[in-house]
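Position in the sequence shown (first residue = 1) + 1 = the numbering used here.
Pairwise CB distance ranges, derived in the manner of DEER restraints:
hint : residue 1 : residue 2 : range
1    : Arg66     : Leu86     : 17 to 25 Å
2    : Arg32     : Leu59     : 34 to 42 Å
3    : Leu137    : Ile200    : 23 to 31 Å
4    : Pro171    : Pro196    : 15 to 23 Å
5    : Val36     : Leu63     : 38 to 46 Å
6    : Leu213    : Ile89     : 22 to 30 Å
7    : Ile89     : Tyr178    : 34 to 42 Å
8    : Leu51     : Arg121    : 13 to 21 Å
9    : Leu90     : Arg190    : 16 to 24 Å
10   : Leu63     : Thr175    : 31 to 39 Å
11   : Asn34     : Ala117    : 17 to 25 Å
12   : Ile200    : Val39     : 33 to 41 Å
13   : Ala114    : Leu90     : 26 to 34 Å
14   : Leu27     : Arg66     : 37 to 45 Å
Each computed EDC-like pair below joins lysine to aspartate or glutamate, with the alpha-carbon atoms no more than 20 Å apart:
hint : residue 1 : residue 2
15   : Lys122    : Asp31
16   : Lys112    : Asp125
17   : Lys120    : Asp31
Quick caveat, the hints were computed from the structure, so don't treat them as lab data. Even for Gly, the Cβ is constructed at its ideal location relative to N, Cα and C.
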Amino acid sequence: MLITALIFGLLGSFHCVGMCGPIAFLLPVDRNNPVKRVLQIFSYHVGRLLTYGTIGVLFGFLGRRLDLFGFQQHISIVIGVLMILAIILPSKVFSKYNGSRFMYKWVGKVKSALGAELKRKSMDSFFTIGFLNGFLPCGLVYMAVFGSVAVGGAWEGGLYMVFFGLGTIPLMTTATYLGNFLNTTFKQRILKAIPVFVIIVGVLFILRGLGLGIPYVSPSNMVAIEKVSNNHLCH
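Starting from the given sequences, assemble the full structure and let the hints guide the process.
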């Protein structure tokens, strides 16, 4: 699942360049000092990864609580179905129920803070910009959060989100250096591939929840029970 999170982030970064690209383009990096510029961009990405990881830990913890009540496999199936529905349903239908309207005021504050930080050029401002950037609404981040709930643990959820963030780094870094460098036709082809990959990930979560006995993809309930039993015996 971590590999899928990494690929998800890599493909999703083409969307990120369109949505968060302006922030990357406007980063007040030092164009005359290559070493300082690398450190500034690194600080920006660390801030983003910290936000993603924190969100993943929180939602992974939620998934772990559900796991203790025996709902984890059901949650994995539900998350997979939600991922697929988010792609299949018309965006107008999905937007009515995504709750984003309640976040507008908070998002406005995040954007205001981002604007203030973009005017500064200190090293800590790049970390803050990245940290705030991670809280901006993004459909792909929501999909990754779904995944962090389904992996079944706080640290696992955090790692899932961090791997998602790592996947976005190459393209976002390139955008910082070169600006809007992507060919429109190429970008459109990648954007068409993203929904397909989201559906594939959704199917993987459904298979994982069904417990069909397929190694690594859909381990059976009995295998999971045996692992838990062995852990208790070891302790």
